[in-house]
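Single-letter residue listing:
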Amino acid sequence: MKARVTVTLKNGVLDPQGKAIEGALKSLGIEGIESVRQGKVFEIELADGDKAKAEAALKAAADKLLANTVVENYRVEVLG
Amino acid sequence: MNAAVVLFPGSNREGDVASAIKRITGKAAKIVWHADEDLPSGTDLVVLPGGFSYGDYLRCGAIAARAPIMTAVREHADRGGLVLGICNGFQILCEAQLLPGVLQRNAQLRFMCKEVYLRVERSDTPYTRRYNAGDVLKIPVAHGEGNYTADEETIKRLEGDGRVLFRYVSPEGKTDPKWNHNGSTNAIAGVLSDKRNVLGLMPHPENHVDPLIGPTDGRGLFESIKTVLEAA
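Chains A and B are the protein sequences, given in the same order.
If you read the first sequence in my numbering, its first letter stands for residue 942, the second for the next number, and so on.
If you read the second sequence in my numbering, its first letter stands for residue -5, the second for the next number, and so on.
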């Protein structure tokens, strides 16, 4: 079973890396970019089993390690 | 005074801080491996040194904060024991939630390796009693992620409770965005836990203790700890 945890900065948290990437994209002449926020994606392989249990385990993983909930939000997806 | 310096894979300032402790207190610090579960008996100061534990993977200090030794460090802190986190050690203490907030990428996105000026905000703590409030210290920094950030409520609480111990200032001791070299909220360079026994700071006082090298403004921090522990 495959799963994905996406970690993003909370709204209002300054993201200097995102800003730098945004500037670089604009300087490449790519049109229509309004803003960029940088985050992380974790692709996780799980032992097959109950989907609800898997979600709970991934949530625990995100709370305990993958995200720093002081400044980050996360989203858990079990892809099947 | 019995100091223990925790060595994580990727720490690199453990020798500097152990040398400063030996020089100032006359007693060698014990180096403790991160995978150990216990601190040496009688430990009264734990130091988490600077460096790049686990290569800064995931987030600075994130993996070290979950190392086996950290359970013992947390228990030591809960008992009121002194815990000092310098640079990566500060990042580890924040990740372990022994201190609030987080250290983000420097606002200018550059690694900073230079001397900065710090103002001592209060002298009635175990770490600063050999200084005076308002003293300006010249101390080196070397970090890429030292931009102290926390939510508004936490900052208000830290300020209200007098838990900001060091601030980045001008040579005259004034706060000024120009001298807040990493963009930290309120120019915060070091914060205390609510019981004031845990201190995290980004600058390296351990590197300014030897007149052969230059200024010795960092000595006071270790002399303060020595004074407090020897009086206990």
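Among these hints, one or two may not hold up.
[Stated by the list, open to error] What the simulated footprint calls covered on chain B by chain A, stretch by stretch (three residues with Cβ under 8 angstroms from a Cβ of chain A suffice, anywhere in the stretch; the number is not a length):
1. 32 to 45
2. 63 to 77
[Stated by the list, open to error] With a straight-line Cα cutoff of 16 angstroms, these simulated EDC-like cross-link-like pairs (lysine to aspartate or glutamate) come out:
3. 994/A x 975/A
4. 951/A x 1004/A
5. 994/A x 1013/A
6. 951/A x 1013/A
7. 960/A x 984/A
8. 951/A x 109/B
9. 132/B x 146/B
10. 951/A x 146/B
11. 981/A x 146/B
Since the hints were derived computationally from the structure, they do not count as laboratory data.
For every residue, glycine included, the Cβ atom is placed at its ideal position computed from N, Cα and C.
Restraint check for residue 994/A with residue 1013/A, where alpha carbons must lie at most 16 angstroms apart: Outside the cut-off at roughly 23 angstroms; violated.
Pairwise hint evaluation, residue 146/B against residue 981/A, where the allowed Cα distance is 16 angstroms at most: 25 angstroms, violated
16 angstroms Cα cutoff - pair residue 994/A, residue 975/A: Between residue 994/A and residue 975/A the Cα gap is close to 39 angstroms, so the pair fails against 16 angstroms, i.e. violated.
Given hint residue 109/B paired with residue 951/A - CA-CA distance at most 16 angstroms: Roughly 32 angstroms separates the two Cα atoms, so the pair is violated.
Holds or violated: residue 132/B to residue 146/B, with C-alpha atoms at most 16 angstroms apart: With Cα atoms ~29 angstroms apart, residue 132/B and residue 146/B exceed 16 angstroms; violated.
Straight-line alpha-carbon gap residue 951/A to residue 146/B, limit 16 angstroms: Status holds; Cα separation ~14 angstroms.
Coverage claim, chain A over the stretch 32 to 45 of chain B, checked by counting residues with Cβ within 8 angstroms (three needed): violated (count 0)
Residue 960/A paired with residue 984/A [C-alpha distance capped at 16 angstroms]: This hinted pair is violated, its Cα atoms lying about 25 angstroms apart.
Pairwise hint evaluation, residue 1004/A against residue 951/A, where the allowed Cα distance is 16 angstroms at most: Distance of about 14 angstroms is within 16 angstroms: holds.
Residue 951/A paired with residue 1013/A [C-alpha distance capped at 16 angstroms]: Since the Cα atoms of residue 951/A and residue 1013/A sit roughly 5 angstroms apart, the hinted pair holds (cutoff 16 angstroms).
8 angstroms C-beta test of the stretch 63 to 77 of chain B against chain A, three or more residues: violated (count 0)
Hint check: violations occur at hints 1, 2, 3, 5, 7, 8, 9 and 11; the rest are consistent with the structure.
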